[in-house]
Every structure is written in C-alpha cells, then in structure tokens.
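Given the coordinates of chain X, work out where chain G should sit on it, guided by the hints.
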Amino acid sequence: MNESPETIISDELRRCIGLKGPVRALETLSASDVRRYVDATGDANPLWLDDDFARSAGYRGRLLPPILVGWTPFSIKEPEGNASSFDVRRQLPVPAAYTNVRNAGSETEWLKPVHLGEPLACQSRIVDITAREGRMGVGIYVTQVEEVRNAEDELVFTRRHTVALFRERQAGE
Amino acid sequence: MSDDSTTIAEQRFFEDVQPGTELAAREYGPLTVIDTVRWAGLQENTQQLHYDRDWVRDHAGLRTFIASGAYRQALLMRMLTDWLGPRGRLRKLGIRHTYSTFEGDTMRFTARAVEKSEDPADPWIACELEGANQEGRQILTGRCTLVLPTR
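The listed protein sequences correspond, in order, to chains X and G.
Residue 9 is where the first sequence starts when you use this note's numbering, and the numbers rise one by one after that.
Residue 185 is where the second sequence starts when you use this note's numbering, and the numbers rise one by one after that.
In isolation and in its complexed conformation, chain X is listed as follows (with noise of 0.2 Å):
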C-alpha cells in the first residue's frame, strides 16, 4: 500500500470543491419520527410532543428537536458514489476501498425554531477536502455546508460538518 496524505487526492477529487447539489425538498418529519427520537435518547421534552406546552413558550406548536432539523437527506444510507444522490458528499470520485465513514466534527448554527410537520428545503456543497495520516491511517476529511430553509425561503439551518474517510479493512488484514 502506498497511500499517502500527498497522493490520495486526485485531481479529480481536489476539483470536486465547491461542487453544489441542486435544493431539494426534505421529507417533512412526523410525530412518529419524534417518537423515535425519543425512544433512542430519552429526550422527552415536552416542547417536542406537546402542542400547548410548547404554545405556553411563545411558539406556534411542538418544535422539532434541533438535532432533527435538516438531517434526514444526510443520514439515509445511501450506497457511496450514487450519482443521483442529493447529498454531494457521495458523489465524489474518492478511491473505492474509502467506505469506513467517521464523524470528525460540526458547527452548527440554528437561527429559527423549526415546527413539527414545517416543510424545509436543503442544499449543500463541498467546501474542503485534504488528507491526513492518524492512527486509523491516511484519512480524507471532507467538510460540506449543508444549508436549510422553510417555506418563507428564510435560512433556518446551517451546518458545517467535516467526514473523515478512511480506507476498509479486508478480514485478517
């Protein structure tokens, strides 16, 4: 194997920065998707599941929990290197055996409440790509800014969110 931090970025990689998805409508989020954010966090805050609560706040119903906003085009498991894909992150011509996705961090900001059942529009776009080497080997660290918006075309939503992909082992390598 001879990949390096100086090598595993193609060309062809390297001009995918800035590359721009198309805005594309979300899936509008239901109460069973609250309901099963719950289950998996324990998250019962009654802002989330509880219209006059949440309309005793100051808000106009339940909101969606913040972690909830914008993500579902990002985590659906779709196979890497769909080519239809709207996340653009999938798109890129990054060497096959890169299949072992980590988080490697996020900024995100919030700038309104978003409610249940609001529908939104995202779009993203690739802003770096570099290579590092760490202890799970060479890396290729992609940051894409994912952009949300409500039907007031107001952002609601950015997020800056660096994946670090490294190469897959083979069992007994």
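No lab work stands behind these hints, which were simulated from the structure alone.
Keep in mind that the hints are not guaranteed to be accurate.
As the list claims (entries may be wrong) - The list that follows gives simulated cross-link-like pairs (lysine-lysine, DSS-like), each with its CA atoms no further than 30 Å apart:
(1) X:K28 to G:K276
(2) G:K276 to X:K120
(3) X:K120 to X:K28
(4) G:K276 to G:K300
(5) X:K120 to G:K300
Claimed, not checked - Between beta-carbon pairs, the in silico distance windows are:
(6) G:V221 to X:T138: 32 to 40 Å
(7) X:V31 to G:V298: 34 to 42 Å
(8) X:P103 to G:Q232: 19 to 27 Å
(9) G:Y283 to X:T107: 20 to 28 Å
(10) G:E299 to X:Q131: 29 to 37 Å
(11) G:V221 to X:D60: 29 to 37 Å
Don't be surprised by glycine CBs; every beta carbon is placed ideally from N, CA and C.
Okay, now just chain G, sitting in the frame of chain X:
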C-alpha cells in the same frame, strides 16, 4: 441510557448566568447494542460500525462497536435543551470528536459558561463543552451559544 430525567420545568434567565457558571452535567450509558440499534433505526443508518462486533473487529480494527457521533451529539444537545428551559434556545454548536465511545463506555458531558453578551437585546451566553468516558478520557470537545430569556 442511565439518565431518563428531563428537567425542563425550570426556566433559566440570562441575568442568572455569569462566565464561570457550571451548567448541569449529565452522564449517559453504559452504551449497549440496544442504544446503538435504536439510533441506527431512527437515522436509517445501517453502518455495521455501530452494532456488529465481528464486523468491526475484522474490518475497522476496533475491539467492539462504537456509538455514532450523531448519537453522542444528540445526548449532549438533550442536556443543553433541558438546562435551557422552554424559553431558551440553542443557537450554535460546534463539536470535535476526539475519541470513540465503545460498547460498555459511559459518556459524561459538562458545560461551562465562558462569555456573555453585553447587549441585553441579544441575550446569549457562550459555553465550553466537554465529554469524557468512564476513565476520564476526553471523547469530544466543543463550544455552544445559548440564548436565554431576560427577567
């Protein structure tokens, strides 16, 4: 999850928080396959890294499965939104994952106010965040901005 208490009943106010104020700390875990499978189902992410012990040993070189970063972030955010109370709001969150959470590990999150808005019309506080496992090893670090109501 060992902590199922949601403590949103109390409302925090901007005037009550100063740089140096320690926000409520929370500990979650030990991490089980039930936790990670529930999260994988919610996220529709069937990556074996998060539940398949044999696969992660053979293909990822790890001793057992690990929690997804989004799951840890969700638990950290739960701590913050519980602390904020119903009229507070999480505005910004930056997280850097520094070490994995393995099956059996706990996650202890803490937050400390480090900066406060000087403009009462925009009442925010900035906090430093830290996560550690049962051995005290850091698992994540971060910073957030919280908006609180004024009295």
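Practice problem: List in ascending order the numbers of the hints, as given earlier, that are violated by the structure. | Solution: none
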